[in-house]
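Protein sequence lines, in the order shown, are assigned to chains A and B. Under our numbering, the residue at position 123 of the first sequence is numbered 123, and the numbers go up by one with no gaps. Under our numbering, the residue at position 281 of the second sequence is numbered 281, and the numbers go up by one with no gaps.
Treat the hints as calculated values from the structure; they're not laboratory data. The reader is advised that the hints may include incorrect statements.
[Unchecked claim] Here are the in silico distance ranges between beta carbons for each label pair:
1) A:6 - B:114: 52 to 60 Å
2) B:140 - A:64: 56 to 64 Å
3) B:83 - A:118: 34 to 42 Å
4) A:118 - B:74: 17 to 25 Å
5) B:115 - A:64: 39 to 47 Å
6) A:61 - B:72: 24 to 32 Å
7) A:114 - B:72: 53 to 61 Å
[Said to hold, decoys possible] With the Cβ distance kept under 7 Å, some of the chain A side facing chain B (calculated, not the full set):
8) 8
9) 35
10) 54
Note that the Cβ used here is the ideal one computed from N, Cα and C, for glycine as well.
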Amino acid sequence: MVIGEEFPSVLRAAQRGDGAALERIYSASAPRVLGFLRSQGISDHEDVAGEVFVSIVRDLPRFTGDEDAFRGWVFTIAQRRLVDERRRRGRRPEEPFEQGDLVRAVGSGPTVESEALERLRTSGLLDAIARLTPDQRAVLYLRAVEDLSVPEISRVLEKPESAVKALLRRASAAMSRQMAAQGGED
Amino acid sequence: MGPDDRRGTSEWSWWAASRRRVVSNPESTSMSEGVSEERGLLEVEGGVAELNDELRDAVPDLRAAFVRPAAPDIAAEHLARMKDAAPVVPFTAAPALSRRRVGAAEPSWARRALVAASALVVGAVGVGGLGMAGALPGPVQDTVADIGERLGLDIPDSHGVVPGDEGDDTPAEAPGVTGETPGQQGETPGQLDQTPANGAEPPGQVGATPGQSESTPGQSGSAPGQSGNPAATAPAQSGDPSATAPGQSGNPSETAPGSSGNPSETAPGQFGDPGATAPVESGTQGQGGQGQGGQGQSGQGQGNQGQGQGNQG
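Whole structure, please, built from the sequences with the hints as guidance.
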């Protein structure tokens, strides 16, 4: 969802606390934030998303930029709340989680989403993603699903671009191995 | 919302520029449509090694599975939290600003007047206090002493001389003119000052002698009086009738102080002290027509000058 040309005026109104503008901001950002949190296996991703949007509203008056910049800024806040949530739970970022966590995080959606999830599951891709480390999974998701560039991902994750590229390589290689292994098992 | 979030706020201004620079085809939305190649990742990272074919083919399913809007109840809850956290900023900032300006302008006059009055009082008290203590710099102290004198305050000048005492000192010059002979006579009134009751007549008597002696030199005494202390010479210049009278012009206190103003010639022990004690005594003498003799005592230096000029005359 994109606000488009109206983004500057919507942003100014939202910065003043206008309710309608905040709703438009939320409608455009919530699916991406929730998707990112789901992909990271956060079961209570809706609660974390609520914290993310509260943080967005509080910092909104200080934001300057266009809609693309705003999208990256929202992911940055989501990533930080995600890190906070992991710390609160005591889970180490390097620790992969089981496929069940990811399936539960994705949950049961409408028919189209359920069918897509079923395809991912049967192809073994969902299990391969679940075996990635959180950083690898975040890089992969932002790159493949959100179509962010390496510099943009490095901003979101606050890591050097070289680290983002390395994470991307390892994630892709790990998924290939997983998919090959699953194919061999089948 | 932590400080980390605020730190990243301004960092996203580069976002649009970087995207415009990297993405050559904004219409492309999927990895399979060549987004990776267009964004330069394949060249950098070795192409397919970044994202395997399975993942690229699965991108639509990934989006469909993960990217979904929130449920209505969840969305309502989020929006309520957002509106609670939203800063309450009026749409028109002008009223608040204008109120602030008006509010600041109205008390400004009162504040300025109060500040000015306070500064004036503090300055006057401070300068006056320092002036009374004689702690001001020389020129300032003189000015303050002059002002204080006009106001009837005894504020010492830069030399530590109180104006009231200074007036007593000045006549010393004129007596100094009269010189040596009256100086001897000056001693007598000075001694007589010690006993005022007796002092009234003997100075007159004594003054008779100096008056005679000064009848001639009294004129010459007037000239040096000008060069000396104007206040002291005034009577002599104006031909002040009292000055011609022996008792006055011969006012032994005037002449005698001149002599007494020359402490080396007369009685240094009595008049040698130019300062405080003699003028006090002279104040008593002045009332008896002899007091100015004491004035000459404190004006020794000036008396000496007057004496020299008197000799010239």
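Status of each hint after checking the structure:
About 53 Å separates the C-beta atoms of residue 6 of chain A and residue 114 of chain B, a value consistent with the hinted range of 52 to 60 Å. For residue 140 of chain B and residue 64 of chain A, the hinted distance range of 56 to 64 Å is satisfied, since their beta carbons lie about 58 Å from each other. Here the CB-CB span from residue 83 of chain B to residue 118 of chain A is close to 38 Å, well matched to the stated 34 to 42 Å. A hinted range of 17 to 25 Å holds for the C-beta pair residue 118 of chain A and residue 74 of chain B, which are about 23 Å apart.
Restraint check, residue 115 of chain B to residue 64 of chain A: a C-beta distance of roughly 41 Å satisfies the suggested window 39 to 47 Å. The given range of 24 to 32 Å is respected by residue 61 of chain A and residue 72 of chain B, whose C-beta atoms sit roughly 28 Å from each other. Checking the proposed 53 to 61 Å range against residue 114 of chain A and residue 72 of chain B shows it is violated: the Cβ atoms sit about 19 Å from each other. Annotation: residue 8 of chain A was flagged as interfacial toward chain B, and the flag is violated, the nearest CB pair being 12 Å apart, outside 7 Å.
Here the hint on residue 35 of chain A is kept, as its CB sits about 4 Å from the closest CB of chain B, short of 7 Å. Interface hint at residue 54 of chain A: satisfied, since its Cβ lies 5 Å from the closest Cβ of chain B, which is below the 7 Å cut-off.
Figure legend: structure checked against the earlier numbered hints; hints not met, in rising order: 7 and 8.
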